[in-house]
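Chains H and B, in that order, give the protein sequences. Residue numbers for the first sequence follow this note's numbering, beginning at 306 and rising by one. Residue numbers for the second sequence follow this note's numbering, beginning at 306 and rising by one.
Not one of these hints is a red herring.
Copies of the same chain look alike in the list, so a pair counts if it fits in one copy or across any two.
Capping the alpha-carbon separation at 16 Å, the derived lysine to aspartate or glutamate pairs in EDC-like fashion look like this: (1) Lys850 <-> Glu863; (2) Lys385 <-> Asp509; (3) Lys588 <-> Asp527; (4) Lys798 <-> Glu775; (5) Lys804 <-> Asp777; (6) Lys641 <-> Glu472; (7) Lys641 <-> Asp625; (8) Lys641 <-> Asp478; (9) Lys641 <-> Asp527; (10) Lys850 <-> Glu782; (11) Lys798 <-> Glu782; (12) Lys352 <-> Glu393; (13) Lys530 <-> Glu585; (14) Lys850 <-> Glu786.
Keep in mind that the hints were calculated from the coordinates and are not lab data. Model, not experiment: these values are computed from the prediction.
2 protein chains.
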Amino acid sequence: MPTYKAPARDARFIINEVLDLASYGNLPGFADATADLVETVLDEAGKFAAEVLAPLNLPGDQQGCTRHPDGSVTAPEGFKAAYAQFTESGWGTLSQPAALGGQGLPHVLGFAVEEFLCAANQSFAMYPGLTSGAVSAILAKGSPEQQALYLPKMIAGTWTGTMNLTEPQCGTDLGLIRTRAVPQADGSYAITGTKIFISAGEHDLSENIIHLVLAKTPDAPDSTKGISLFIVPKFMVGADGAVGARNAVSCGAIEHKMGIHGNVTCVMNYDEATGYLVGEENKGLAAMFIMMNAARLGVGLQGLAQAEVAYQNGANYAQDRRQGRALTGPAEPSEKADPLFVHPDVRRMLMDAKAFTEGTRALALWCGLLVDLAHVAPTEEERQAADDLIGLLTPVIKGYGTDKGYDVATNMQQIWGGHGYIAENGMEQFVRDARIAMIYEGANGVQAMDLVGRKLPAHMGRAIQLFFAEVDRECAEAAGEPRLADLAERVGKANSELKAATMWLMQNAMANPENAGAGAHHYMHITGIVALGLMWLRMGKAAAKALSAGTTDTAFYEAKLVTSRYFGERYTPDAGALRRKLEAGSATMMELPAEAFATA
Amino acid sequence: MPTYKAPARDARFIINEVLDLASYGNLPGFADATADLVETVLDEAGKFAAEVLAPLNLPGDQQGCTRHPDGSVTAPEGFKAAYAQFTESGWGTLSQPAALGGQGLPHVLGFAVEEFLCAANQSFAMYPGLTSGAVSAILAKGSPEQQALYLPKMIAGTWTGTMNLTEPQCGTDLGLIRTRAVPQADGSYAITGTKIFISAGEHDLSENIIHLVLAKTPDAPDSTKGISLFIVPKFMVGADGAVGARNAVSCGAIEHKMGIHGNVTCVMNYDEATGYLVGEENKGLAAMFIMMNAARLGVGLQGLAQAEVAYQNGANYAQDRRQGRALTGPAEPSEKADPLFVHPDVRRMLMDAKAFTEGTRALALWCGLLVDLAHVAPTEEERQAADDLIGLLTPVIKGYGTDKGYDVATNMQQIWGGHGYIAENGMEQFVRDARIAMIYEGANGVQAMDLVGRKLPAHMGRAIQLFFAEVDRECAEAAGEPRLADLAERVGKANSELKAATMWLMQNAMANPENAGAGAHHYMHITGIVALGLMWLRMGKAAAKALSAGTTDTAFYEAKLVTSRYFGERYTPDAGALRRKLEAGSATMMELPAEAFATA
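So here's chain H without its partners, still in its complex pose:
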């Protein structure tokens, strides 16, 4: 059975020393987030994740969810009790507005906790994760009455939420949705249609489920411009907030899938169900994107989380399992074999994992801070800069973070050899669970196009220019620090590759947009490498500072510097190769006719 221990120490290092949370103490919500509170929250959340959620992960995978003949669904054994504990402890309320029952703490802290929950049990974490996505859409676009009626219970976790976008004929292309919303005399709408792939669509964890549903009103344009967003509660909610009769929405079937067995994936049937418009008619997609952008960062955290828990179990196994001898001669001659840990190829996979998880954690937490700064930074310029960077980095964290998270989980399974393929050891579950994160909330190819087609050209490239400048500044600063100079040079070179790739796209996508499409995935990965490089420069700087200041925890900070060097050596070379692939353009890629792909 795999184990999990939350990397609270590392999160604390990032929050306190890399992001310097204390320096934002004058901003709303930040004053409460003292170093002591941060430590307490991280430790307690880590304990909850490790002690309550992690033990349910493997059994939850093996048991899965059960749909009963009446359409009700039960989550795996133990989930209901754990969810009750989750809501009692208020883990879902951390970064939610105080006025609605939240704790009003910075998002950066919420992000750190979210990683722990996902790593311990991704299937479980998805139930509150989806609720929080639904909360953000209602917060942004719901009427004051809707907010007052639904949000306190959703934030408390008494009710959960869902996102209903996909239909059998459409996932990415929401212009094709067919679910209808017919206005009723009382101002509500009658919602009819079938939604698929609805995570947490039906279960026994919460008193009520608040579905957010995309549908089309009768006269709406037949495109993405004709989509509206509706609240459709499972049980009708009275004006006093009391739960009433069952609405005409039900779970028609559940899917059998590769992983995340503990989170139910439902076919949801709406049969003239009562729905309430959120915001304006035909403006549903914009509202849904608010929800989706938050969700995308959350999915990036899932990539990190599965990599982290797989890494821990890969590292433990590498110490415990003895097989073969070190290439330099027996490391432990009194034993019949050395631990796997002595083998360079095992170490390569562990260091790759370490460089990824620690770098991505820093990147994700920085983005968490930016989410806060986009709202509460003192100047418009700072708020805009934060918003630009979040926009740019969201598809990178989602796309690169989950691609690499899956690779890392696969490598950690590899360390276990044949035992990694056996279900009861849990390593293969991490791979299966990590796999979905590359697909949902916009497949990674869609993320790449969001980055290249939308985020890059917006405001004449303002966001990427800001990012370049940030990397250049950090490289220049690190060049003077002997233990970071090599990394600075390598990250600088990768940043040059990214600049060149950006220039190439600007010059060639205009002539043929397929050049952008053909290079988008490469571009997303180069950006990911440079973004992690930026994080390693910052972490290296903080580590060097702590060591100069005479920290007693030298091992922790020395490891940061070694891992930063490893990142430079083993991650940055790919930037050049990816740029060359990108510069090959779309001509050859798009040349063959459909028949050439027919089975020969």
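Given chain H, work out where chain B should sit, using these hints.
Just chain B, lined up with the frame of chain H:
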């Protein structure tokens, strides 16, 4: 439900036009392999794979194997009947010696058929695949009596075979095995111990199962030098070949695993079972390696096969599923959306897959030819060259072929979006089945060390020098062909990177062997890229020749040239990045102490 159609046309192109099988007609066994016969065999094998095996693949995954209370095991429904059809058609006998009931055809043909069987149903194909591994060990090291007693029935498929290496405490490090073999008065041995991960260890497909078991005699050295190989039949075999009483070997449990559910993975208990020594005492590992080398090429074929079947289903879905619009404007304005096929990122994944599967098929079939030439080429020099190249390329086909095969299967699943994650669509099974090939028969890290530590330095680098020369020659020749010049330049550059990496290893592994270990996996991948590049040069040359000669099948040959260019553009750039990683050496990788990997 996924579909499969054997790529017989492509295999024929490689065998006839790239490898020019006809030019070997004067060699033993080759005379029978006329172009007509090749075509018939490929077509019939393809039909059998597609019509009989492929429909059992998904149901076999879902049902899995069943162990009954008496220790007997039944394969999934339909497997027994399909296996009977397999043996009746003689598909296992193709490349086996005529004297033992085989058809004596070249291995290159057997390899092509093996790919089809694996692609249609890897779990099924493993039953005869393991038999064929066991046959090769008995052929190489068994006594004439053993060969006469066991091989005709094993080749016919009436009996199947297994390989029993792994024990709970050891997989890679066979020096640690504990299974004991005690000599008996009648010349047999009493075998006692527990073996795990025994594929096809117990099932209902064949009359008897011939286990090849590694064990130690009482006074054997306590290392790999003390391992002997034994034949342990499930049912005792009389001198007349009749099946007799049950031997003391039984299946104690079966594993629940990530994939290949249709092939049973057994814990085998030997309780003073009667075994017969194969070859000499303490020389078992050498015998096992004969079996293993053949098996490693077979596992490389599995990587190719899962990539191919996933590719076919990815390509089909990309044509059928409509979502979004082409970046250059609606491709099919009369429809509400264009096929996925119009999107460059989808095309990127398809072209990556096509470049890999066709290139790897050529490489594997070339190796199949080399297996023949190593035995029957007219001069000692040619036989030695063939043997050198097989030795060098076996870990590359196994390691690179299965790493990339898994990546391709993952990408093809990605094309299906959320539907790729759903079990009933079968795409996720390809990924789960492909995953094992990176692990068994020597994990890919072990392959990398076999390449760098053994195959590279052997005979002062004779094999790699031969390989370099072959690539250089092909590049020089292609430089004159306008449509191959770009590819030739890129492959030439990748070959230079490989040469530089080789030089670096020679200079730095002597000083510190960990430099070899740290770069081994990178080196294996560079070699894989150059090897596929060599294949694309040869295929490009053959395609250009066919087009010049006025072929009517222009689409097929044009596609070869386009795909060869794509390979150059999108695969070769990685060679440089991998070389730079390799040249970073082991210092940083190995610097951190074990504590740094402990959960923080």
